[in-house]
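Participant: Between the sequences and the hints, there should be enough to build the whole structure, so can you do that?
As a plain string of letters, each chain reads:
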Amino acid sequence: MISFLTSFLAAHATIIIYLVKIALLLFIVLTVNAYLTWFERKVVAHMQSRWGPHRVGPHGLLQPAADGLKFLLKEDPTPAGVDKFTYFLAPLMALALALTSIAIIPFGPEPLHIFGRDITLGIADLNIGILALFAITALSVYGVALAGWSSNSKYPLLGGLRSSAQMVSYELALTMSVVGVLLLAGSFNLRDIINAQAHHPERGILGWNIWPQILGFICFFVAAVAETNRVPFDLPEAESELVAGFHTEYASFKFAMFFIAEYTSMITVSCLCTIMFFGGWLSPFPASWTFTYYLPSVILIPAGLWVIWDGIRYETIFGRLVLPGIGTVLTVIGIALAVPQLQFVNAFIQGPFWLLAKIFVFLFVYVWMRGTLPRFRYDQLMSFGWKLLLPLSIANVVITAFAMLIWGPR
Amino acid sequence: MTPQLAIFFVLAAIAVIGALSLILQRHPIHSALSLIVVMIALAGLYLLMGSEFVAAVQIIVYGGAIMVLFVFVIMLLNAGVEERTNVSKLAGIAGIPLAVALLGFLAAAIARSNETAQAGFQSGGLANTKDISTMLFKDFVYPFELTSFLILVAILGAIVLAQRENS
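These protein sequence lines map, in sequence, to chains A and B. For the first sequence, the numbering used here begins at 1 and goes up steadily by one. For the second sequence, the numbering used here begins at 1 and goes up steadily by one.
Hints should not be assumed to be uniformly reliable.
[To be verified] With a Cα cut of at most 25 Å, we get these calculated SDA-like pairs of lysine to any residue:
1) Lys130/B / Ala403/A
2) Lys130/B / Ser113/B
3) Lys84/A / Val73/B
4) Lys130/B / Ala401/A
5) Lys74/A / Arg41/A
6) Lys84/A / Ile74/B
7) Lys387/A / Cys273/A
8) Lys138/B / Ala395/A
9) Lys21/A / Ala395/A
10) Lys138/B / Ser187/A
11) Lys154/A / Ser169/A
12) Lys387/A / Ser187/A
13) Lys387/A / Leu152/B
14) Lys84/A / Val81/B
15) Lys138/B / Phe402/A
16) Lys130/B / Met404/A
17) Lys138/B / Leu356/A
18) Lys21/A / Thr31/A
19) Lys387/A / Ala65/B
What the hints contain is simulated information worked out from the structure, not anything from laboratory work.
Facilitator: Here you go:
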């Protein structure tokens with residue numbers, strides 16, 4: 001039996017590795033999604049002098065689990081007069097496309113060596129990487145537009161119309177703003193784009209695309225926020241005008257699918273900003289500063305100790321048990337990374353550490369904007385997109401092309 | 001049968017079924033959705049031929065931009081289910097034989113040029129991004145610019161038509 005199993009595994013190793021990687025990435029992305037909602041509610045609450053979720057579990061840490069359970073168990077009525085097929089297709093499409101786009105993101109420079117095989121971090125390493133992402137973005141309009149149309153209700157229809165107009169308008173600026181980066185890298189592949197920013201390891205942060213492409217970055221980030229329908233571009237689901245916009249008529253898990261799709265595309269956009277403009281997994285410090293290798297430990301150990309200290313004074317007994325446990329795990333990982341015998345682990349973790357740290361910063365910016373910015377008016381939205389963002393991104397292309405013509409490629 | 005050929009037949013079947021559904025669906029939105037399926041299946045076929053750039057652009061431009069406009073217009077006009085009318089006599093008498101004749105010509109042409117079709121199926125990096133851009137911006141730059149000028153004229157025409165009258 002066991003020999004059969006090993007021979008089967010050896011024969012189909014490539015497929016099995018891919019399946020495991022896909023399952024693992026899905027698990028990680030969905031968990032991060034769940035805790036992103038917790039993080040968002042907590043941060044926005046503290047910005048507004050509230051506590052945010054704090055009832056379910058210590059510091060509300062089990063709130064995402066409770067929410068997920070609620071999504072699964074709630075009644076799921078189908079409103080009368082909906083276009084059945086499209087009504088069921090729309091959330092499926094939104095979620096599937098959002099999750100597919102994550103598959104193209106590379107998460108680390110070095111492949112992992114397990115069982116004599118090189119396992120790259122990331123699922124699909126396409127040489128049209130960024131174009132494939134834009135293709136997925138182009139299709140993801142349908143999830144929102146069809147949801148609005150098929151619900152057979154006026155507010156969702158208005159939301160769907162708004163979203164398709166908005167996404168078509170901002171897609172142009174989104175695509176044009178990336179051209180500068182593509183010119184500098186000379187490739188559509190995301191790994192090549194990161195490696196093109198690593199030509200001068202001694203420059204560190206100064207070698208990243210953000211400096212020559214600051215205009216492109218601004219255009220990209222604004223257009224990307226508009227594409228993900230987030231504040232201040234959340235007109236398709238503006239609560240105060242359209243009830244809940246395109247997903248008004250969706251309940252239970254179908255609503256959750258839109259919800260997960262939105263948060264997943266936030267993660268994708270954060271990944272893309274990091275990879276294209278902020279050097280991906282490159283460290284912001286010059287390569288000769290080897291002491292920065294201990295930064296993961298320097299962050300993890302105090303964070304773990306703080307969680308322990310906070311946990312032993314927590315009100316509930318459950319919290320007094322769980323929080324110090326989490327803190328201990330963090331501290332132990334931090335100490336383990338600093339141990340000289342485990343330096344190969346530390347060296348491997350550097351790339352993903354910087355990538356995830358930068359992605360986290362962008363996710364925080366997303367939440368920060370939601371906490372502070374008011375929504376655009378519809379005519380402002382349209383004139384901003386067409387009259388300011390699009391010309392700026394085209395100007396960026398022209399400037400970059402001329403600069404490369406004069407000074408030559410880097 | 002090679003895996004490539006199997007994938008080709010699956011994608012071709014999806015494209016044909018999508019095209020049939022496009023004609024047979026009675027609701028404009030369902031027809032538009034079928035057309036998107038056809039576009040994506042075509043992109044898959046391009047991918048199979050090794051031209052990734054064309055495949056991606058097919059989805060971005062046709063599957064995305066153009067079809068979104070179609071869907072947007074259908075939603076905006078709130079077009080309902082179309083009514084079935086009796087097929088006109090002329091379409092029955094002239095249309096069906098013509099369609100059969102066209103199908104026959106196409107089949108004959110494809111059957112005759114069997115080798116070139118095979119070659120097109122096998123060819124790899126012919127249509128990568130660099131080749132396409134060299135063709136567009138070097139070899140055929142004047143026709144390309146002329147086409148973009150034509151599109152610009154069409155856009156201006158659309159703006160003039162859509163503009164409100166100044167009172």
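Participant: For each hint, tell me whether it holds in the structure or not.
Facilitator: Status of each hint after checking the structure:
1. Lys130/B / Ala403/A: holds, 21 Å
2. Lys130/B / Ser113/B: violated, 28 Å
3. Lys84/A / Val73/B: holds, 21 Å
4. Lys130/B / Ala401/A: Satisfied, since the Cα-Cα distance of roughly 16 Å is no more than 25 Å.
5. Lys74/A / Arg41/A: Given pair lysine 74/A, arginine 41/A holds - Cα atoms ~22 Å apart, limit 25 Å.
6. Lys84/A / Ile74/B: Holds: lysine 84/A and isoleucine 74/B sit about 18 Å apart, inside 25 Å.
7. Lys387/A / Cys273/A: Answer holds: lysine 387/A to cysteine 273/A is near 23 Å, not above 25 Å.
8. Lys138/B / Ala395/A: OK: lysine 138/B and alanine 395/A at ~23 Å, within 25 Å.
9. Lys21/A / Ala395/A: Judged against 25 Å, a Cα distance of about 41 Å means the pair is violated.
10. Lys138/B / Ser187/A: holds, 19 Å
11. Lys154/A / Ser169/A: Between lysine 154/A and serine 169/A the Cα gap is close to 23 Å, so the pair holds against 25 Å.
12. Lys387/A / Ser187/A: With a Cα-Cα distance of about 29 Å, the restraint between lysine 387/A and serine 187/A is violated, given a limit of 25 Å.
13. Lys387/A / Leu152/B: This hinted pair holds, its Cα atoms lying about 17 Å apart.
14. Lys84/A / Val81/B: holds, 14 Å
15. Lys138/B / Phe402/A: Holds, because 18 Å separates the two Cα atoms, which is no more than 25 Å.
16. Lys130/B / Met404/A: holds, 17 Å
17. Lys138/B / Leu356/A: violated, 42 Å
18. Lys21/A / Thr31/A: holds, 15 Å
19. Lys387/A / Ala65/B: holds, 19 Å
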